[in-house]
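> Take a look at the letters that make up each chain.
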Amino acid sequence: MPDFKKPHALTDAVMHYCPGCTHGIVHRLVAEVLDEMDIEGDAIGVCPVGCSVMAYDYFNCDVIEAAHGRAPAVATGVKRANPDKFVFTYQGDGDLAAIGTAEIVHAATRGENITVIFINNTTYGMTGGQMAPTTLPGQITQTTPYGRNPDVEGFPVRVCEMLSQLSGVALAQRVTVIDPKSVNEAKKAIRKGFEFQKNKQGFSIIEVLSTCPTNWGMTPIEALQRVKDEMIPYYPLGVYKEGAIR
Amino acid sequence: MTKEMLLAGFGGQGILFMGKVLAYIGLYDDKQVSWLPSYGPEMRGGTCNCSVCISDDPIGSPLVDEPDTLIVMNQPSFDKFIDKVVPGGIAIIDSALISSKCERTDITCFYVPATALANENDLKGMANIILTGKLIKETGIASIETVRETMKKVIPPRKANLLEANMKAIEIGMAQ
Amino acid sequence: MAEKTLMKGNEALAEAAIRSGCKCFFGYPITPQTEISAYLSKRMPKVGGTFLQAESEVAAINMVYGCASSGIRCMTSSSSPGISLKTEGISYIAGADLPCVIINVQRGGPGLGGIQPSQSDYWQVTHALGHGDFHALVYAPASVQEMADYVSKAFDMADKYRMPAVILADGLLGQMMEPVCFPDTEIKMSDASNKPWATNGHGHKRPHNIVNSLYLKPDQLEDIVRDRFERYEEVKANHSEAVVDYCDDADVVVVAYGSTARLAKSAVEQARKQGIKVGIVRPVTLWPFPVQQIKDACKNAKKVLVVEMSMGQMIDDVKLAIECSKPVHFYGRTGGVIPKPAEILAEIKKLGGNL
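Protein chains in written order, with numbering that gives the first Met the number 0: chain H, 0 to 245; chain W, 0 to 175; chain E, 0 to 354.
These aren't lab readings, by the way, just hints derived from the structure by calculation. There may be inaccurate statements among the hints.
Unchecked claim - With a Cα cut of at most 27 Å, we get these calculated BS3-like pairs of lysine-lysine:
1. E:K272 / E:K298
2. E:K348 / W:K2
3. E:K45 / H:K199
4. W:K158 / E:K45
5. E:K45 / H:K197
6. E:K348 / W:K30
Using the sequences plus the hints, can you model the full thing?
See below:
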């Protein structure tokens, strides 16, 4: 039977996330992995700018709040200072795939021995639902009021596919958290990422297709359905790269 | 007393190394010294110059605009700097590479075919050191012993076998 | 003290950083400071440190942010255009109360500017090194020996006050060689001891640490900024530095910093020989600005002359320091042109001969 106690690696702080948002689930999965591997005391999280900007209040390990997009560079600094500690970033799609593209690509290609949790919800949540680099063609957002037109705004970025081309990447896997089965899969992937890190086997990224009911203008249930109907077809789940880099 | 020396030529002729030798000679004598290279976007073949000051007092400007001692190893540097030498100063000119003669009468010019001498003596690439030998002779800034000690310091360990060749180049320069 | 050796300013600074326990360096190539990276890429692996060439200036300063959060001494270096890129990270470092050392070997600007020596980043480093209410310690060395000495001091002061410290040099100081010697001390890489705030893993021995500059409640943010400014007051009261020469009887006082100060000092000494009563003040700390030292040095002067390799940036702070009590003149060259002592002497004579 699953144990529904709060993981030790989560604090008692009440999360600020909207009803139906899947950030809470992913936080919990990360915390459960920290607990199960017994590494909370050796872990340093690096949080982004975006909805999860205040994750430093939610994780019980040491946490650094980074500037927008810079978490992989900050994590690099932490890891180089303390190569034996566990360092992870927790980043959204605007943070990782727009303003922080250079940082994520170069951390990945260096084979920086860190684990990246990447939340893809196809929008900038915190600022009120603007177009993200991951916004789907035709998707209406605050800054694509007529729907994202690839002729004007270009195409969405498929991050796992892109990073899987780099030699420094040990794990690039896309998961989601829309039902118990996918939540279990997501947790396994996150654990795998931390295991790669533990064995100093290279950079790992776990992309989590997530919901933003508020900015999508949907109920939580509708939002979960959208992930299935619209996001997964464009962003197929699965392992894009797996194996130690050295 | 302050000596303000300017060394100029093409990149690759060993202008900066020549400066380093002179600066270390000053350091060996417990003088104040400074060495300042020109730096630019060219890596090879561009013009290159180097200011070296040796002084009894702290050095204000390490940049030498009006040298009392000039060494030039190419025509553009001769054209550019020969008129900058202070009256009473000296200029040492690699006459194997520079055909011009200085028309000034208020400075002393020495024409040393250093590049040709280097080639004749199996010292290819050491024209700069031959000119340094000439400078040492004309300025009297150091004894041959000091030069040898300095060379030991300046020549990187992986090139230590070149010490004698360098000393030979110095001697050839001093004999000019 | 060990034997004197000839080193470029950039290299002396890099060696001194290692000797100060700087364990990690993150940089990006830019003229005229690249020797710092080249030197450290050779030396760091041999002393158990880390050299990492970052993908950008922005990444480099954020690596510093991460490393400094871990309580480890770290450094980045750049030249003017690169510092502009780093200002985002510097602001976060200041906002999170982290110690680190940042080197700016200035070149001419604005824009891509040039690569020759300049002092046109004074406003940036003292007044706007990023967004928000904050300061960084700023040291302006004037010799290769000082490049070494002040990097060491910068690390100590950054740690003491938990704030970024900047060495403001220029291409002249970075590229020139002068004799330098280092104290005979054993090289010891820094660790996080004495930094209880470091995010280096709590090991279940303390509550979790957070390194952060986000405070959404205005009152809370105001309190934190006010606390920080109280610390700044302590720095201002105790740690401003200036070198004063020949000012007791001076009719004209020259104010100049960094490499310009040594050029100006030559001019001042020549003027003295010609019987002109002139002195010189060299601010060594640009923040905190040595207000009292300048005020005292100019007490008996009739005129002040500020000399900079810029169109005149520090001059405003000099006027404030002496409360505009006497005329403050300016002489400057910009764009990478180095003023000659003779030019400065001519300016002194103009003022000194016309009292």
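> Hints numbered earlier in the text: which of these fail when held up against the supplied structure?
6
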